[in-house]
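Asks: One letter stands for each residue in the lines below.
There are 2 protein chains.
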Amino acid sequence: MGKPITTPPKGSRDFLPRDVRQRTYVTDIIRGVFQAHGFAPLETPAFERLDTLLGKYGEEGDQLLFKILVRGEPLVAAVRQAHAYLAQPGALVQGRSGETAPGAEPMLADLGLRYDLTVPLARVVAAHQGKLPSVFKRYQIQPVWRADTPGRGRFREFYQCDVDIVGATSKVVEAEVAGAAAECLERLGFSDFKLRINHRGLLRAIVEHCGIAASSEADAIVAVDKLDKIGVEGVERELQARGIAAEAARRLLSIMGEAKSLAAVKAALAGSERAQAAIAELESVLDFASVTAAHAHLSFDVTLARGLGYYTGCIFEVAVADLAGSLGGGGRYDGLVGMFLGKDVPACGFSLGLERILVVMEERKMYPPDLERVDAVIAPVEEHDMKAALAFAEQLRRAVGEVAGGNAALSVDLLPKGTQPGKLRKHADEHGIAAALWLEPGAIDRASLWTKHDGVTRKDLSVNDAAEALREQRRLTKQSAQ
Amino acid sequence: MGKPITTPPKGSRDFLPRDVRQRTYVTDIIRGVFQAHGFAPLETPAFERLDTLLGKYGEEGDQLLFKILVRGEPLVAAVRQAHAYLAQPGALVQGRSGETAPGAEPMLADLGLRYDLTVPLARVVAAHQGKLPSVFKRYQIQPVWRADTPGRGRFREFYQCDVDIVGATSKVVEAEVAGAAAECLERLGFSDFKLRINHRGLLRAIVEHCGIAASSEADAIVAVDKLDKIGVEGVERELQARGIAAEAARRLLSIMGEAKSLAAVKAALAGSERAQAAIAELESVLDFASVTAAHAHLSFDVTLARGLGYYTGCIFEVAVADLAGSLGGGGRYDGLVGMFLGKDVPACGFSLGLERILVVMEERKMYPPDLERVDAVIAPVEEHDMKAALAFAEQLRRAVGEVAGGNAALSVDLLPKGTQPGKLRKHADEHGIAAALWLEPGAIDRASLWTKHDGVTRKDLSVNDAAEALREQRRLTKQSAQ
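Each protein sequence line maps, in turn, to chains A and B.
This note's numbering applies: residue 1 is where the first sequence begins, and numbers increase by one.
This note's numbering applies: residue 1 is where the second sequence begins, and numbers increase by one.
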């Protein structure tokens, strides 16, 4: 047997300590903003029933779900059933990479991994009705999984940070979710992001206005959504490929290309009641948003479409110039909860993509330098004094006192072998630990302390003296980082 | 089509806001203790290659893995292959619930959901060798998944909180991981837990001493592990069923039943070098642990076996009287990393089971009363003044000032509809929100504030006045909770 493969599976990653600290730094800030806005935390299982997920994300979404194999006894029947299915004429569907058997999957799998945080929210609202407030404001920061082709800032396992408000039609909720998302980005140090806004009802009205049949509406919107990526000519080709008449396609693209402002669109669609209603909603959202963090970043963009099928009203997308694709997006989806509950419940949300935010923060060096949180490493010079070193470490860890940067206890690492002071200082230096403490041979209750901050070694310190010195060091490190 | 099922899949749960707050309260304390002990955070993907997981957890573990269906083109071949496998004579294996096809699974699945946090750690150590310190102390708090039968405190999706030290043979690391685990429980408010310790090498020596063949050693240890659950007679039957001679089984159970202290075992196995070496290690661990939080809870128990196959040295288990099963456990596993790296690396860890800790904390009412963190709900009396209410909320959320209980911003919920003061106060009361703020018709920059704490309504407050009152309220709530 060869040496086993030890890299994480395709599109997934191991987060080493530095990665986790950066991720935690970012999610703590996002969580803080969401909580300040009165959103309450929700968490849902990693897997959902497959039929909860299927049909919610469009055809492509269905194919990108990770599906979990049925277990035990039912597996035998499932294999036989799937095999019989494959033997049927026409059962094989030609996919991008040859023959595939999507129709066989639901027989073999009963669960699917979470694909986004919105469908689980809709299910939760239906399941826990009555236990939740009539206006339910929740945030959720959890991973989702998509069997997509990995790329820059694009993974098969990635975190989303979502806020949603369920149960309210007032357009103030659009301003609330967009404002919270914008404030997250501002507090992380972003100032140059653009928050584009549009309205699905307006897109529909435009499609209608251009003489495109209602049955082709979704096709037209999917094509328009690619304007950013494939340009005017690409979209024109795609519209034709989807059976939309050349004349209608040209009219659509002309409005998309020329109507730069909300006023221009309003004038161009003066005769469409549907368009005017959507524009009134957009105006209301923009007015509310003017008192939030979203204000400085918001702009109307008639070409914004958002891919996901479930949006019904305003839609948002946030991006920075130096990353293709978005940092997040959202909008109103008044029909999704109804798919689970049997009656429509209005809802609106915003989702920030953690991985893309992290990619840009890494490239722009936006992390504070003091994310490393180990205050000291301790070791005895001779292994024989290990118990005394452990006792010293334990007392430091429990030393009560105000530590700069929160009330977190002192973090003390014990090196489990006898170590010479020079080697210990080198160890501290190499691993980003701020100080080294060692017990001279035979020492009990006393240690020598070297702090990286000033390069000074203090000898014969009691636990209390050492604790005070380590706290002072953290204060100074924090100050110099500001 | 009937109404879809909206409950979470079997053995998984939705965590509503109160649940998440309780879980976060507990994991924050655990994380703080782990960090104070110098452990660094690690996170690994939810899924691993199936061959990373298979063969690490014993036969039962292999069967309890959630497996992910292969995707796209390879699925067709996999279905055909699995079907052909089923047609082979003897391919069907009789399981507890009838026919199963475990042999067909690896053809149909390429990934498996994380089953514990230890095997992923071993893989990470092999994959990132050189990037990690030679003694790697990591903590990891993440969910794992097992297709087990759900029960009290037993789920198919559950969190583990692990600390491990990789790369050190000193028995001080046993004391470090057990000490950290014990301190977590103490800081959560547990004082009555028992931390049992034993040694796999000692168990082997006892098995050998009783005349049981080396080939039956694992069987004997698995049977002994059930002593708690099925009693002496049950274990005796199981030993016989596993082909161990009645006389040897009786000798084994007699040592297990009579040797209550380490000294007694030491005397009974005076002639076994293997036993004496294991006992020396246990004595060393107990000596080191005497200066840690583990000390008051530790006791030797020769019957402790721990189910998992990979332990090689000291083993631990922690439990409270009012919950069957354990709150966690751990031990030394010097061979596991070698399965990935090709050379052995010593390792030792402790895993706390979050769900079981939460079950006991809920039953014993160990949560602080002020986990709810919304400081106020705000609304305009008339919908027309919604924008002024939003502006007031936004200013409160950004109001800078020291807030008792950390520097978290004030948390202000906005009710997105015009609401009468009486109804708003009722809403606050019902949803555990500490105060209600409302804007009288036409008001701008001024609000009325009702605080639950004293039942008083203050009128005509500026943002700064309201912020100060809300901070004071949080201080008082926190005080009265202590």
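For the record, the hints were derived by calculation from the structure and aren't laboratory data.
On a predicted model such as this, the values are computed, not experimentally measured, just so you know.
One or more hints might be untrue.
Copies of one chain are not kept apart here, so a pair can be met inside one copy or by any two copies together.
[Claimed, not checked] With a straight-line cut-off of 20 Å between C-alpha atoms, the simulated EDC-like cross-links for lysine to aspartate or glutamate are:
no., residue 1, residue 2
1, LYS417, ASP344
2, LYS226, ASP445
3, LYS3, GLU258
4, LYS417, ASP334
5, LYS3, ASP334
6, LYS387, GLU363
7, LYS3, ASP344
8, LYS131, ASP14
9, LYS426, GLU186
10, LYS343, ASP322
11, LYS387, GLU283
12, LYS10, GLU382
13, LYS229, GLU281
14, LYS423, GLU281
15, LYS417, ASP429
16, LYS417, GLU281
17, LYS131, GLU362
18, LYS426, GLU382
19, LYS387, GLU281
20, LYS131, ASP19
21, LYS459, GLU186
22, LYS478, GLU238
23, LYS10, ASP51
24, LYS194, GLU363
Asks: Next step is simple, just say for each hint if it's right about the structure.
Replies: Hint check:
1. LYS417 / ASP344: This pair counts as between: shortest inter-copy Cα distance 19 Å, intra-copy 65 Å.
2. LYS226 / ASP445: neither (68 Å within a copy, 44 Å between copies)
3. LYS3 / GLU258: For LYS3 and GLU258, the Cα distance exceeds 20 Å both inside one copy (60 Å) and across copies (45 Å).
4. LYS417 / ASP334: between (62 Å within a copy, 17 Å between copies)
5. LYS3 / ASP334: For LYS3 and ASP334, only the inter-copy Cα distance (18 Å) is at most 20 Å; the intra-copy one is 53 Å.
6. LYS387 / GLU363: For LYS387 and GLU363, neither the intra-copy (44 Å) nor the inter-copy (38 Å) Cα distance is at most 20 Å.
7. LYS3 / ASP344: between (55 Å within a copy, 13 Å between copies)
8. LYS131 / ASP14: Answer is between: at 12 Å across copies they meet the 20 Å cutoff, but 37 Å inside does not.
9. LYS426 / GLU186: Answer is neither: 38 Å inside a copy and 35 Å across each miss the 20 Å cutoff.
10. LYS343 / ASP322: This pair counts as neither: shortest intra-copy Cα distance 42 Å, inter-copy 44 Å.
11. LYS387 / GLU283: Between copies, since 13 Å is at most 20 Å while 70 Å is not.
12. LYS10 / GLU382: Classified as neither; 45 Å inside a copy, 54 Å across copies.
13. LYS229 / GLU281: neither (28 Å within a copy, 64 Å between copies)
14. LYS423 / GLU281: neither (67 Å within a copy, 28 Å between copies)
15. LYS417 / ASP429: Intra 18 Å, inter 57 Å, cutoff 20 Å: intra-copy only.
16. LYS417 / GLU281: For LYS417 and GLU281, only the inter-copy Cα distance (16 Å) is at most 20 Å; the intra-copy one is 68 Å.
17. LYS131 / GLU362: between (41 Å within a copy, 19 Å between copies)
18. LYS426 / GLU382: This pair counts as within: shortest intra-copy Cα distance 17 Å, inter-copy 66 Å.
19. LYS387 / GLU281: Classified as between; 14 Å across copies, 69 Å inside a copy.
20. LYS131 / ASP19: Between copies, since 13 Å is at most 20 Å while 37 Å is not.
21. LYS459 / GLU186: For LYS459 and GLU186, neither the intra-copy (45 Å) nor the inter-copy (33 Å) Cα distance is at most 20 Å.
22. LYS478 / GLU238: Neither: 55 Å inside a chain and 61 Å across chains, both beyond 20 Å.
23. LYS10 / ASP51: between (26 Å within a copy, 14 Å between copies)
24. LYS194 / GLU363: within (18 Å within a copy, 49 Å between copies)
Figure legend: structure checked against the earlier numbered hints; hints not met, in rising order: 2, 3, 6, 9, 10, 12, 13, 14, 21, 22.
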